[in-house]
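**Student:** Chain residues, written in single-letter form:
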Amino acid sequence: MSDWYSMNVVLIQTTLTTLLLALSIQVPIRFGVFSFAGVGAFGIGGYTAAIAMVHLGWTTWPSVALGAVISGIVVFALGLLVQRLTGLYMGMATIAFTLIISVLAVNGGELTGGAGGLYGALGEIDTGHILAILAVVVAVLVWTETKGMGRRIDTVREDPELANSVGIDVVKYRLASFALSGVIGGLAGGITTLLRSTITPAEVNFHLVIVALTAIIVGGARSWLGAFIGAVIFVWLPTMISFVQEWEKVVYGFIVAVAAIYLPNGVLGVVKDLIHRFRTRQERARLAVLQEKG
Amino acid sequence: MQDLLNVASLGSIYLLFALGMALVWGTIGILNFAHGATFMFSAFVGHLVTSETELPFLAVVLVAVLVGAAIAALTQLLAFQPILKRSKNQHAAEMRILIGGIGVAAIPLAIAQHQTRSSPFGFRSSYEAEVLEIFGLRLSTTSAVVIVAGLAIGIGLTVWVRRSRRGLALRAIGVDAETAAGMGVNRTLLAFGTMATAGALAGLAGALLTFQLGAIAPETGDQLLIKAFAIIVLGGLGSMAGTVIGAYVLAGAETLVLNLNYGTWVDAVSFGLIFLILLARPQGLLGRKEVRRT
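Here the protein sequences line up with chains A and B, keeping their order.
Residue numbers for the first sequence follow this note's numbering, beginning at 812 and rising by one.
Residue numbers for the second sequence follow this note's numbering, beginning at 69 and rising by one.
Just so you know, the hints here were simulated from the structure itself, not pulled from any lab data.
The model shown is predicted, which means the values in this text are computed figures rather than measured ones.
The reader is advised that the hints may include incorrect statements.
Just so you have them, the derived chain B footprint on chain A, three or more residues with Cβ under 8 Å [what the hints assert, rightly or not]:
no.	segment
1	984 to 998
2	1013 to 1024
3	1063 to 1072
All C-beta atoms, glycine included, are put in the ideal place defined by N, C-alpha and C.
Required output: the full structure, derived from the provided sequences and hints.
**Tutor:** Structure, rendered in structure tokens:
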């Protein structure tokens, strides 16, 4: 076990940070907000943490925390601006936001290191730390997925008019999803950057949006568990099959397209459907037995 | 004056690219994220063909146009049509089409990147651009072709959508797809034809831009995609004339920024424009206003 762990420690950490990034995109989608601002938050969080370490000489965790707070605030402010947009317009406006972050980083001069990026921001982070942060994030998300909160969020997503009419403040929920997505994205960016010790503008690009989307769409968009399944598949598949390694992006493009067509609820959706069907059959069988006894 | 000519040439490339996207999105409601990849891959196939045999200008353009139409038609047939058939409502379909398009777009991009190792590619052609001098202004023959083609197709398409019976049917689908279908409009066939036309325009733009610049990189399509979105939003969704104006406005704004020596900020122009327009006038310059309840 410990041998396996030390051999694959990089992959394990990548899985966890990919999961955080995927969650930052998944949260708004679960609220019915088609926002990719989480990837922009990844950039803000990563750059803030790196700047705090390199220029201000801060230690690891205050830097990461600062990144998460600032990206949370920025994305919340973005939410205030764009929350009245719908569907595709929202998607494209937030993609534009993400790409502006990258342009800002290129033009940031000494502060952001320009096109070359920032180097030498190596934090003291191990897998335990990431797991602890992830546990907190997942706990918050589980709270938003279950019971009354879960039902209210489902209503906000599926039928905003109905939600409004039964007294759910749709705008407030949408804004909350922006803030949450910003904080999670910022955490993902800060941790990833301090693990690798560098961040460049080229990293905050459209490909990162695809990475996050792939994980969610393949795993399942309705629950953090889906994002986890997606992140595991996404990170580990190339290491298992060498064909996948060479044609990585082709395979992922194909998977995303197929999932969008045939599995709108991802692998998790398929599993849940199967469990549901199995339970229904059991229930029917039980009822049939009861009726015979009459 | 020379600048104006450059704006006209750049704007015409933008226009040829954005027209296809605007036509598809404004009428059958599909935001095709694979449009940039279609554009790039048409030029790439042209590159592959011309590296076998040398071809004249028109033959290369024809190859690219046909490839573009074929890719777009296949995308519609294999991805978007199944998604439309399987989606419960327009809102769900929009998101799945966007995600499916992102997946589809990743495939040709990755193939081209793999084959060229992400370096730019061009055509080997018997055609050589000459520089014309008109009233002391310099204009290459390629740019002249680009400007004429851009303006002619832009105006032609605008008039066609406004005047012809097919154009009326297309606009009817854009306003209310179900009623249009009830009036005897064959949605599936028309959507298929519209996608193929858009793909052909993407192929044309790809071939012409490659001729003009000498070479393009596999990633060129992705950058154009965001710019085309800015153009469509600026002009107003569903308005072909708006797209024509938007293309030249964006080209003018970018050239202005470039001439003021803010070269690294050029990309921010289109992203910023998306933002400003969406916030200040979401229906665009010439668009119709949509009614929203939440």
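**Student:** Each of the hints needs a verdict: does it hold here or not?
**Tutor:** We went through each hint and held it up to the structure:
Only residues whose beta carbon comes within less than 8 Å of a beta carbon in chain B count, and the segment 984 to 998 of chain A has 0; fewer than three means the coverage is violated. Under a criterion of three residues with beta carbons nearer than 8 Å to beta carbons of chain B, the stated coverage of the segment 1013 to 1024 of chain A is upheld, 4 such residues being counted. By the rule of at least three residues with a Cβ nearer than 8 Å to a Cβ of chain B, the coverage given for the segment 1063 to 1072 of chain A holds, with 10 such residues.
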